[in-house]
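Visitor: Residue-level listing of the chains:
Protein chains: 4
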Amino acid sequence: MLDTEAALAAAEAKAGVVPGAAAEAIAGACQAERFDLEALGREGRAAANPVPALVKALTAELPDEAGRFVHWGATSQDVMDTAAMLVAQRTLRIVDRELGSVVASCAGLAERHRATPMAGRTLLQQALPITFGFKASLWLAGVAEARERLAGVELAAQLGGAAGTLASLGSQGLTVLALFAEQLDLAEPTLPSHTVRGRVADLGSGLALTAGALEKVALDVTLLSQTEVGELAESSEESDAAHRAEPAAGAKRRGGSSTLPHKRNPVGSVRAIACARRVRGEASILLAAMAQEHERAAGAWHAEWEALAGALAYTGGAAAAVREVLDGLEVRAARMRENLELTGGLVLAEPVSIALRERLGRSDAHRLIEAAARRALAAGRPFRDELLDDEEIRSELSEAEIDRALDVDRHASEAAALVERALRRYRERR
Amino acid sequence: MLDTEAALAAAEAKAGVVPGAAAEAIAGACQAERFDLEALGREGRAAANPVPALVKALTAELPDEAGRFVHWGATSQDVMDTAAMLVAQRTLRIVDRELGSVVASCAGLAERHRATPMAGRTLLQQALPITFGFKASLWLAGVAEARERLAGVELAAQLGGAAGTLASLGSQGLTVLALFAEQLDLAEPTLPSHTVRGRVADLGSGLALTAGALEKVALDVTLLSQTEVGELAESSEESDAAHRAEPAAGAKRRGGSSTLPHKRNPVGSVRAIACARRVRGEASILLAAMAQEHERAAGAWHAEWEALAGALAYTGGAAAAVREVLDGLEVRAARMRENLELTGGLVLAEPVSIALRERLGRSDAHRLIEAAARRALAAGRPFRDELLDDEEIRSELSEAEIDRALDVDRHASEAAALVERALRRYRERR
Amino acid sequence: MLDTEAALAAAEAKAGVVPGAAAEAIAGACQAERFDLEALGREGRAAANPVPALVKALTAELPDEAGRFVHWGATSQDVMDTAAMLVAQRTLRIVDRELGSVVASCAGLAERHRATPMAGRTLLQQALPITFGFKASLWLAGVAEARERLAGVELAAQLGGAAGTLASLGSQGLTVLALFAEQLDLAEPTLPSHTVRGRVADLGSGLALTAGALEKVALDVTLLSQTEVGELAESSEESDAAHRAEPAAGAKRRGGSSTLPHKRNPVGSVRAIACARRVRGEASILLAAMAQEHERAAGAWHAEWEALAGALAYTGGAAAAVREVLDGLEVRAARMRENLELTGGLVLAEPVSIALRERLGRSDAHRLIEAAARRALAAGRPFRDELLDDEEIRSELSEAEIDRALDVDRHASEAAALVERALRRYRERR
Amino acid sequence: MLDTEAALAAAEAKAGVVPGAAAEAIAGACQAERFDLEALGREGRAAANPVPALVKALTAELPDEAGRFVHWGATSQDVMDTAAMLVAQRTLRIVDRELGSVVASCAGLAERHRATPMAGRTLLQQALPITFGFKASLWLAGVAEARERLAGVELAAQLGGAAGTLASLGSQGLTVLALFAEQLDLAEPTLPSHTVRGRVADLGSGLALTAGALEKVALDVTLLSQTEVGELAESSEESDAAHRAEPAAGAKRRGGSSTLPHKRNPVGSVRAIACARRVRGEASILLAAMAQEHERAAGAWHAEWEALAGALAYTGGAAAAVREVLDGLEVRAARMRENLELTGGLVLAEPVSIALRERLGRSDAHRLIEAAARRALAAGRPFRDELLDDEEIRSELSEAEIDRALDVDRHASEAAALVERALRRYRERR
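Each protein sequence line maps, in turn, to chains A, B, C and D.
With my numbering applied, the first sequence covers 7 to 436.
With my numbering applied, the second sequence covers 7 to 436.
With my numbering applied, the third sequence covers 7 to 436.
With my numbering applied, the fourth sequence covers 7 to 436.
None of these hints come from the bench; they were simulated from the model.
Bear in mind the structure is a predicted one, so any value in this text is a computation, not a measurement.
With a Cα cut of at most 25 Å, we get these calculated SDA-like pairs of lysine to any residue:
{"id": "1", "chain 1": "B", "residue 1": "K20", "chain 2": "B", "residue 2": "T196"}
{"id": "2", "chain 1": "A", "residue 1": "K20", "chain 2": "D", "residue 2": "A422"}
{"id": "3", "chain 1": "B", "residue 1": "K20", "chain 2": "C", "residue 2": "G367"}
{"id": "4", "chain 1": "A", "residue 1": "K20", "chain 2": "D", "residue 2": "A361"}
{"id": "5", "chain 1": "B", "residue 1": "K20", "chain 2": "B", "residue 2": "A184"}
{"id": "6", "chain 1": "B", "residue 1": "K20", "chain 2": "C", "residue 2": "S369"}
{"id": "7", "chain 1": "D", "residue 1": "K20", "chain 2": "A", "residue 2": "R365"}
{"id": "8", "chain 1": "C", "residue 1": "K20", "chain 2": "B", "residue 2": "R365"}
{"id": "9", "chain 1": "B", "residue 1": "K20", "chain 2": "C", "residue 2": "A361"}
{"id": "10", "chain 1": "C", "residue 1": "K20", "chain 2": "C", "residue 2": "Q178"}
{"id": "11", "chain 1": "C", "residue 1": "K20", "chain 2": "B", "residue 2": "R363"}
{"id": "12", "chain 1": "D", "residue 1": "K20", "chain 2": "D", "residue 2": "E71"}
{"id": "13", "chain 1": "B", "residue 1": "K20", "chain 2": "B", "residue 2": "Q37"}
{"id": "14", "chain 1": "C", "residue 1": "K20", "chain 2": "B", "residue 2": "A423"}
{"id": "15", "chain 1": "D", "residue 1": "K20", "chain 2": "A", "residue 2": "E364"}
{"id": "16", "chain 1": "B", "residue 1": "K20", "chain 2": "B", "residue 2": "L92"}
{"id": "17", "chain 1": "D", "residue 1": "K20", "chain 2": "D", "residue 2": "A33"}
{"id": "18", "chain 1": "A", "residue 1": "K20", "chain 2": "D", "residue 2": "R365"}
{"id": "19", "chain 1": "A", "residue 1": "K20", "chain 2": "D", "residue 2": "A423"}
{"id": "20", "chain 1": "D", "residue 1": "K20", "chain 2": "A", "residue 2": "A422"}
{"id": "21", "chain 1": "A", "residue 1": "K20", "chain 2": "A", "residue 2": "A184"}
{"id": "22", "chain 1": "A", "residue 1": "K20", "chain 2": "D", "residue 2": "S369"}
{"id": "23", "chain 1": "D", "residue 1": "K20", "chain 2": "A", "residue 2": "L366"}
{"id": "24", "chain 1": "D", "residue 1": "K20", "chain 2": "A", "residue 2": "G367"}
{"id": "25", "chain 1": "A", "residue 1": "K20", "chain 2": "D", "residue 2": "I360"}
{"id": "26", "chain 1": "D", "residue 1": "K20", "chain 2": "D", "residue 2": "Q178"}
{"id": "27", "chain 1": "C", "residue 1": "K20", "chain 2": "C", "residue 2": "A162"}
{"id": "28", "chain 1": "B", "residue 1": "K20", "chain 2": "B", "residue 2": "A193"}
{"id": "29", "chain 1": "D", "residue 1": "K20", "chain 2": "D", "residue 2": "T181"}
{"id": "30", "chain 1": "A", "residue 1": "K20", "chain 2": "D", "residue 2": "R363"}
{"id": "31", "chain 1": "A", "residue 1": "K20", "chain 2": "A", "residue 2": "E67"}
The shape of chain A in the complex, shown without the other chains:
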């Protein structure tokens, strides 16, 4: 808010609306440590916003010849809204850095594991082989698109005066608006938007989309880290703070539990998921706040403040947590391959069916494969054995052809072209 008041005075000085000396004095007094936050909060109750109290306190810090130009031509909402955009601007820089690190990690995983086979799972059931690199390229696509979407949200300055018409700045209104926005590196709006809240709601939605893309990664990590799956694990590296001589009664290692020593809790993912859920709550408040009355809302605007702050902070929390997860991620390629064998080869029934249908048509191919699969399931026998024993199938496919169809690596590699596409796009946009 102080930066906003200082920039306003500076813009007005440039436009010749207030004296340059006054603007400089105002800028000099706009230092947070001079003000009593708690008192401003308390006094702000009387106006339902803290700006009048701040303006009063700021004016009191200045000689009258400067103090009289504090907040010149502005209304409380101009300061609150612009300050919120400054908070967003600064937070989004941090969030973007975290997201940059997340997408780089995803790209690295996609690259390194483009040929690491693992089960593709639908409705939580193994479906067909994919590669871990393919999964990572989907994470990459999701987070990279959200990051672009977020980067596209325009943060604009707010300046309208008491009724949003810039009336008290007379003919200089639009000039001051342009200079004010420039001063703060914010976009210049076509109109003041005291009750046209699309930008704020859009920022909230952009944050929720980002948090959702991050949550997808975190959810996959928690699922792949299950004791029974064991294909990924978050790092268990001890953090410095927790490193103590006395192990007796506390968490010693990241994700560890002193009473359950075998556990490797996916703590980063858990934090990311919790953050994402909170972002959605905040974004819903921002969307619901779009219908604002007349030229200043009676409550809906006021509900935005903490919602926006929360949405920014928790998106940052989700991004930082996922970055931490990916930085230390342990990828267990051997376990991925082992898990692919849990169905005795049935996870590759589709490729065999495809090989067969070129000879027999889909319906016959399908009938034969399904029958063999059922026999394998019922007998607990490898699918390959059932295929080799089936005369109808063998009259169409040789053992070599069957083995080719059942080759996990060959099948998994079908996703290679998609991984390439994702990486190419990533490299272009970086």
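Mind docking chains B, C and D on chain A? Use the hints.
Guide: Just chains B, C and D, lined up with the frame of chain A:
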């Protein structure tokens, strides 16, 4: 959390599970000022909750013969969940006090203004006369029901141990649970509920219902305070904090604006509305968190913490703001009566129609009244004059009968029985 | 709506407000098949609700001496709100029956599997043994509490007339209200509640809580049905409709996939989860609709209609889906036991630690067990072997004591008392 | 879904994957009237989606040489997701047309009423004069920005096959994907996005933003249509459907009430507000559905279907309702001017203060004006009289200067430059 650890040790001492001296020592060490909140928060990241760090720090405060019994048989979630219920218990006492004051104010307004006529408005259009006491009795009903609903939410202790089975307390598990709950004046649950979150979600909903009932009052106050309506005004009494010698550049009076001296902003109502919107956001997080995995959730539980704290705090904020609004509410009975005249008597067309239909049947009565109303609207003439000039109507209704039908006070008083009912119920339940 | 109009006329006939013959004629005409729903919807746009068009159409079905008493003293919202409660009343009966079946299934599972050991899982990691009966008793508790909560929501009649004051029924207003409510087996409200929407929002919350409790069951089933976990499976029994001679190109079996024959998709759980998510969306609309203007809202009320209908329908959908899931649930006790061995005995580290701490104190016990666990993990060796080889541990615990501590069945059975409690409560409340 | 299957076959024929004759036969059979929707819905329960049943029914319509190529290489989600985008594509065309009409109406109002003074209102209190054209230009900005935002949402085809890797189409996968997207005029995605749901959530958010911008207009119309404000009125023109000989018992006119003849209910705005609230509920479901498991979600995806359909439909409803409102909007310029006089001139205190501060500095100017305002309020006397009687003020400002400051038209016209900017931007973007 410290109170929870102390109560757990005390309960276990009573049950003979831990030594009495250890429980006493633990209780003695459970003083918030001994602990470094920021460090606990930082260390808590490694476990995705702060309890392990707290247990470690608490143990470090104690000699080994007591320290070894800290957190005996409990899991982190037992402490977090029980502590959250203690926060709820304490906050709900304050919220209930504020709600008690709100319903008392509503009852007082209902009583004093049971015969104060004002326009009843539907879809924001004047419809028929009611009394302000009737409106206040609706506010009363809404807030009183929400208050009862909130008072009915059972706050239960949580104690289940690592997998929720109380296994590490052996045969003493249920005894300790009962004593633990008693110690904290919380309900004893049938089962631990680490992932059965109905109670938490129900508390969230109860808070959202309460905030919604309060918001209804606040919304009516903002609408009735409009410059063009002017039937209510929030107090403009200066708060002590804002009372300063130098009026130059700041908020001087509650709801006032130094640049727009005629305004009486409904600042309390605005704050209540903003708070209610936030409560809904938090409640939606709590409802969405009900689907928790297995015996401890991977994220959904963690999202509850701030949501519950926020829902409690903002419900309190809404209640305090509405209490403040009603305490200082200025009721302008004269303006209410003036506004009833804005339609030139048409707001009483229905009672005339009712008087007439007893003679002519609904359809004819309606036809005549509607025609007269249209003529009155078109000519900008009082409805009474049109009625008196209409021969068909006059052949059924005398001037006295027409005036009786157009008597605002008589009509408004029809609501008296309802006001009585609401007040009776209020007095019974108090 | 027709049932509401008929009941209103009947109540008014009993109260002597309208002729008995008129009420009978109205009742006779209130048959849905007589009316053109689409036309009512289209005409309803002009009034922003369908009641005026319905009243007009109903009146047109009657001779004037009856038609003139249609909708006597009522306002559109009286009919919409009461009709919504009738829809709720009827739907809740079905929902309650489904919930009754769900809790009975849960109780049966709790009973049968009270001693069937399985892994308790926290943050999706195996933590300690529980029994499947214990898990089922948690499901039972969650759904049974939600069912009681829902049964406790009071469905009330609505009758207030144009401004909610019952004015047009004169002194008979409260009598008619009581008879009207009685006629429809709905509760009689203290006051009309055109803009006091706590009951509707509370019903919405009750539905969301119910859906959430059901979703918890469905989520656990999807997780336990994973290929890598395999402890539960939904029924694959073919439904009649899908039973066809030609298997070629379609879904043949419940949860099956013709191209992925090994899959047993948890389709019922998936549908339940999808339904629950929709209920929450609807409930959020109902909570947000509590702040209604004056004596009839301008939009918020209108948003309730489909939200309530949707919340009812989707809660029913979730309940029916979970009932279907539990009816055909395949419980694989052997796989549960196998999975408990995945950690080489580490899942029982805590019981060993407890056995040891009675001799050595928590801190030493913990240190020794943790070291043994780490050695076991590092070497991929059974935990039991590490314990037996550890001299410090062996100086305190005999092989028999160690084996007792590592006994899955003994540990799992600790939850028996809790299962009993849950079943006892279920039997009492049934 | 049928269009999707037809386009898939056509794309595959172009790519040489399936025979051209088969694709033609499939296209010929893809006619909705051939299929039993209810049966498809019923059978779809077994797979938790209707596609397998549809594929089976479609195949049954075809000779085997074509039937065997139905749904070639696709998975159910490919069809559901692409079909949803086709629904969106078609609906968005209608929505965009309605939005085009809304912004044109806003532009017309901004143009015609750029100099029509009315009160600017903040927190529902009159603040300063604006013009109705300025308000309309804010509506214009809000809806036009939302429309652009919505037009920018990219609708993409979905094609990934069973695990999202396009594996069953072998080396032709990406070629088919490109042709398939082209066939349907949808965007070609970088990767299939079975569980990367940013686009769907973004579409939901875009719809919620649009609905919110429309709701702002509707809210202002309801407030300005209040009996006590009376500055706007929705059209009361009778709709054809409601035009009947028998007026007795029904809504006769748009927004009218037969029992309350003076009412002009803002029914279009009310419907728009109700629609917007529903869109938000649906959008919250879509945002919450972003975290989808692995390669196909177990519930979250299924929850999207009706949410997206609802969000599209209700955004259309809101747009159509606001279009109808603006088309028939009655603007009462005289009443706007009258209402500006309700404060006895105080609504212009700020311009007088500004005129004075150039002579005296803000603090003295403010002190004098505030004192005069208080005297005026206390005495119920015109502000002008107080100003003219105040010696200190008169020593600085002449009567002409005071009258100039109090000139509503002059002040209101300050907004002219902003109206121009909004119109210019509108014309550029049209």
